[in-house]
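Order-wise, the sequence lines are chains A and B.
Okay, so the first sequence: first residue is 1 according to the numbering used here, each after it adds one.
Okay, so the second sequence: first residue is 1 according to the numbering used here, each after it adds one.
FYI, nobody ran anything at the bench for these hints, they're computed from the structure.
Honestly, I wouldn't trust all of these hints.
If we take Cβ atoms under 7 Å as the criterion, some of the chain B residues that face chain A in the derived model are [what the hints assert, rightly or not]:
hint, residue
1, Q46
2, K47
3, R162
4, L165
5, P213
6, R217
Listed next, the in silico SDA-like pairs over lysine to any residue satisfying Cα-Cα at most 25 Å (straight line) [claimed, not checked]:
hint, chain 1, residue 1, chain 2, residue 2
7, B, K47, A, V229
8, A, K399, B, Q198
9, A, K583, B, R155
10, A, K125, A, Q153
11, A, K583, B, I173
Backbone N, C-alpha and C define an ideal beta-carbon position, used for all residues, glycine too.
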Amino acid sequence: MDTLRFITCGSVDDGKSTLIGRLLYETKLIFEDQLEALMADSKKFGTQGERMDFALLVDGLQAEREQGITIDVAYRFFATEKRRFIVADTPGHEQSTRNMATGASTADAAVLLIDARKGVLTQTKRHSRITAMFGVRHIVLAVNKMDLVDWSQARFDEIAADYRRFAADLNFASISAIPISALEGQNILDSATAAMPWYRGQSLLQWLETVPNAESDVTQPFVMPVQWVNRPNLDFRGFAGRIGSGKIRPGDSVRISPSGVVSRAKEIAAWDGPLAEAVAGDSITLVLADEVDASRGDVIAAAERPVEVADQFEAEILWMSEQPMLPGRAYAAQIHSKSANLTITDIKHRLDINSGARLAAKTLGLNEIATVNISFDRPVPFAPFKDNQRLGAFILIVKLTNETVCAGVIHFALRRAVNVHWQVLEVTKSARAALMRQQPRCLWFTGLSGSGKSTIANLLDKRLHADGRLTYILDGDNVRHGLNRDLGFTEADRVENIRRIGEVAKLMVDAGLIVIVSFISPFRAERDLARGLFAAGEFVEIFVDTPLEECERRDVKGLYAKARRGELKNFTGIDSAYEAPEKPELHLRTLEAQPEVCVERIVEWLEN
Amino acid sequence: MRHQGSFAHLESEAIEIFREVAATAARPVMLYSIGKDSSVMLRLAQKAFYPGPLPFPLMHINTGWKFREMIAFRDRIVAEIGLQLISHTNPRGAAEGIGPFTHGSAYHTDVMKTEALKQAIDQYGFDVAFGGARRDEEKSRAKERIFSFRAPGHRWEPKAQRPELWNLYNTRINAGESIRVFPLSNWTEADIWGYIQQEEIPIVPLYFAAERPVVKRYGQWIMVDDQRMPLEPGEAPELRMVRFRTLGCYPLTAAVESSATTLEEIVAETLGATTSERQGRVIDHDGAGSMERKKQEGYF
Numbered sequence: 001m002d003t004l005r006f007i008t009c010g011s012v013d014d015g016k017s018t019l020i021g022r023l024l025y026e027t028k029l030i031f032e033d034q035l036e037a038l039m040a041d042s043k044k045f046g047t048q049g050e051r052m053d054f055a056l057l058v059d060g061l062q063a064e065r066e067q068g069i070t071i072d073v074a075y076r077f078f079a080t081e082k083r084r085f086i087v088a089d090t091p092g093h094e095q096s097t098r099n100m101a102t103g104a105s106t107a108d109a110a111v112l113l114i115d116a117r118k119g120v121l122t123q124t125k126r127h128s129r130i131t132a133m134f135g136v137r138h139i140v141l142a143v144n145k146m147d148l149v150d151w152s153q154a155r156f157d158e159i160a161a162d163y164r165r166f167a168a169d170l171n172f173a174s175i176s177a178i179p180i181s182a183l184e185g186q187n188i189l190d191s192a193t194a195a196m197p198w199y200r201g202q203s204l205l206q207w208l209e210t211v212p213n214a215e216s217d218v219t220q221p222f223v224m225p226v227q228w229v230n231r232p233n234l235d236f237r238g239f240a241g242r243i244g245s246g247k248i249r250p251g252d253s254v255r256i257s258p259s260g261v262v263s264r265a266k267e268i269a270a271w272d273g274p275l276a277e278a279v280a281g282d283s284i285t286l287v288l289a290d291e292v293d294a295s296r297g298d299v300i301a302a303a304e305r306p307v308e309v310a311d312q313f314e315a316e317i318l319w320m321s322e323q324p325m326l327p328g329r330a331y332a333a334q335i336h337s338k339s340a341n342l343t344i345t346d347i348k349h350r351l352d353i354n355s356g357a358r359l360a361a362k363t364l365g366l367n368e369i370a371t372v373n374i375s376f377d378r379p380v381p382f383a384p385f386k387d388n389q390r391l392g393a394f395i396l397i398v399k400l401t402n403e404t405v406c407a408g409v410i411h412f413a414l415r416r417a418v419n420v421h422w423q424v425l426e427v428t429k430s431a432r433a434a435l436m437r438q439q440p441r442c443l444w445f446t447g448l449s450g451s452g453k454s455t456i457a458n459l460l461d462k463r464l465h466a467d468g469r470l471t472y473i474l475d476g477d478n479v480r481h482g483l484n485r486d487l488g489f490t491e492a493d494r495v496e497n498i499r500r501i502g503e504v505a506k507l508m509v510d511a512g513l514i515v516i517v518s519f520i521s522p523f524r525a526e527r528d529l530a531r532g533l534f535a536a537g538e539f540v541e542i543f544v545d546t547p548l549e550e551c552e553r554r555d556v557k558g559l560y561a562k563a564r565r566g567e568l569k570n571f572t573g574i575d576s577a578y579e580a581p582e583k584p585e586l587h588l589r590t591l592e593a594q595p596e597v598c599v600e601r602i603v604e605w606l607e608n
Numbered sequence: 001m002r003h004q005g006s007f008a009h010l011e012s013e014a015i016e017i018f019r020e021v022a023a024t025a026a027r028p029v030m031l032y033s034i035g036k037d038s039s040v041m042l043r044l045a046q047k048a049f050y051p052g053p054l055p056f057p058l059m060h061i062n063t064g065w066k067f068r069e070m071i072a073f074r075d076r077i078v079a080e081i082g083l084q085l086i087s088h089t090n091p092r093g094a095a096e097g098i099g100p101f102t103h104g105s106a107y108h109t110d111v112m113k114t115e116a117l118k119q120a121i122d123q124y125g126f127d128v129a130f131g132g133a134r135r136d137e138e139k140s141r142a143k144e145r146i147f148s149f150r151a152p153g154h155r156w157e158p159k160a161q162r163p164e165l166w167n168l169y170n171t172r173i174n175a176g177e178s179i180r181v182f183p184l185s186n187w188t189e190a191d192i193w194g195y196i197q198q199e200e201i202p203i204v205p206l207y208f209a210a211e212r213p214v215v216k217r218y219g220q221w222i223m224v225d226d227q228r229m230p231l232e233p234g235e236a237p238e239l240r241m242v243r244f245r246t247l248g249c250y251p252l253t254a255a256v257e258s259s260a261t262t263l264e265e266i267v268a269e270t271l272g273a274t275t276s277e278r279q280g281r282v283i284d285h286d287g288a289g290s291m292e293r294k295k296q297e298g299y300f
């Protein structure tokens, strides 16, 4: 017997939890002790007077029961003669959209509740868009509370037509509509109802029993991301992973992406004996015929249908954090088994949930959906989400807090990386470095305003110059007069500021110079991004560590006083965070060492 | 629960979860409670890492009040498979002689299970702990993620769970934080029994009906497993055909009257059950929301 995973969604108070409670009750899934508890709870928290409040069966958290709302997705299980079901009851409140998305991402089908009195609401549309975006193919409109509109066919037809007009471009494989009353149990189990003789379609349960589930298509080519390499001893090396699509048999030819290496499946190792065949959805351990190299994040695919590799894509994303999305910032990304850094390079447009209009945007806020261009810091095996969900979905994580802030689906690869080839220059960095008899480097000073970065940088510059080194200082204030004059001090602008400086410093290092960068650069993510531009050993992070009180006491430029008076916004240390480096190459504590001593330490470090 | 599903999907999902932890965690551990869910979890872990051994130890939080048959079974399985087992008992609780009869079920559970678990995780520096909890067991569990993030101090914050999309698990944590991982999240009680039957997984004999010495307390059958159980005046253990749907500390785990002595009979009984398995758990009845509160404090 197969399993259907579905969600119930829709606006708050449309009766999702009540519907699930009713489904569990009608399919005899409520045990006696649970029913007793429900009776007791109904009297205490219930919103249905003397009647049983089925919503209390699913709203499991204390806060939910007290407030009478659903905050997080709850999973419930039931079965009929024909099918097993896992239902995710998702919250209707806009603030809980990310929890709704959590439920939608693993669902085959969606039951969208609509209050017959209210019709299609903004939240109905939001949930429809997220449901469609996250790959749910079949949706049924459960037009609920029909008892409150006198079982009116006209009202039902009107809502169904409204919705179909709205959802026409959402690419659902099917849209159905059923008039129900979850409270009274109409059209839930059986479709024959005295109240609505005009309705001749399926009951909700009949629909759930027959809607196609997303059983992975075994006719697609074989694809399996390598999740873990199983190497218990020198004689065994198996590639463990879950098959994303297709099937595999011993003897089949495979190709590994991104390396392109070809081999053959030798054995599908398993605890109860080797398998003759494995199909989409199976977790397997694959042994290849050759000693080939593959690691977590690589993808093994049918040799004749290798998986594409690219680093820049157009994608659709749902932003799930109170912290705004910043284009240019490096986020940690997870796409199938692959971990990489990712930046959003461009917001093409933000989607107006209600109208579907495409709006311009510079950043994204909580629960906003946008079409964006993204760039990984390395090539990634992928497939468009619509072709293969396992290879086309990704999440973004903020590196400092490890918060999951974004879910995205890949539309297609941008061919830019392929078309704009790097111009290979005949005179190389090492040739220039040899001519100048120096090791090109980027010395990146970070620290609070007034910490002494510029003082130490200037002294160092003089000292290196005296030693016959070719140097150049990129100073934060100076650069803001020219290259970055269009940037302000918002978080987004500060990210872009650092990105440009990093790129300029990189060109200068390429030219053979020792570049001294003196920037507050308060965010770890951007410093890491800058570091990523350079070859190993080229980037030297120097943390000029002066306590805030001392910087404020010095206040050479009078900026702290201004910030304290509220005349200067987003000032690092006052109303904007400084994220201290975790492992700088050099950590200079200025309270313990004069600038000259600091310079000596740097020179010493460089010589070693 | 009228039907058993096919287990291929559930099995593959659980194996994927095990491997994801093996690939990303620094120091994982599997909580092993000796019960049927732990037995299923152990078999799935063996499958996930075959032909290699489990890349993590098992840990049993021993309250000192488990059924004697459970400990005997544990030691047999560990020896047969060749597992690395850590058995941890809260030294403070042991020193103070804390037990359910003298200190009450809530305090006993708090000290000997919740506190002991947190203690052990901190002591060994585990960053990820597998647990056998299922979403169909209890309402607050139904809300929990598969990768359930714990703030410093092991706190679960049900109102601020990380979103969990597709099968893309966020396994990143900072120092002091940890993750509880539940490979059996999407299994039901019927699935567990069906899988035990299909795979012929060994389980503690207490799950099968046999004549056992029991007394009736608060309308439930409690087995007299050793002499530490104080009998009321005039109370005498009687032999009855009983079995257990869940296992834990013997004074806190009620038996049900049953004649099911084979797996087939247990499955048939489970599918026809009219009460939930947790009915036999004394701690769940401490009040609505009690499980959520315990979980917030670090209980599994």
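Once the shortest beta carbon distance from Q46 (chain B) to chain A is found, is it less than 7 Å? 6 Å, holds
So, as I understand it, the hint says R217 (chain B) touches chain A; can you test that by seeing if any CB pair is closer than 7 Å? 17 Å, violated
Are the Cα atoms of K125 (chain A) and Q153 (chain A) separated by 25 Å or less? 22 Å, holds
With a cut-off of 7 Å, does the beta carbon of R162 (chain B) approach a beta carbon of chain A closely enough for the hint to hold? Holds, because the Cβ-Cβ distance from R162 (chain B) to chain A comes to roughly 5 Å (cut-off 7 Å).
Compare the distance between the alpha carbons of K47 (chain B) and V229 (chain A) with 25 Å, and conclude whether the hinted pair is satisfied. Satisfied, since the Cα-Cα distance of roughly 14 Å is no more than 25 Å.
For the hint on L165 (chain B), does the least C-beta distance to chain A fall short of 7 Å? This hint holds: L165 (chain B) lies near chain A, its Cβ roughly 4 Å from the closest one there, short of 7 Å.
Just to be careful, I want the Cα atoms of K583 (chain A) and I173 (chain B) compared with a cutoff of 25 Å; is the pair within it? 18 Å, holds
Quick check on the hint: K47 (chain B) CB to chain A CB, less than 7 Å? 4 Å, holds
Do the numbers back the hint for P213 (chain B), that is, is its least Cβ distance to chain A under 7 Å? 25 Å, violated
Between K583 (chain A) and R155 (chain B), is the straight-line Cα distance small enough, at 25 Å or below? Violated, at roughly 29 Å.
Distance restraint between K399 (chain A) and Q198 (chain B), which requires alpha-carbon spacing of 25 Å or less: 44 Å, violated
In this structure, the hints that do not hold are numbers 5, 6, 8 and 9, in rising order.
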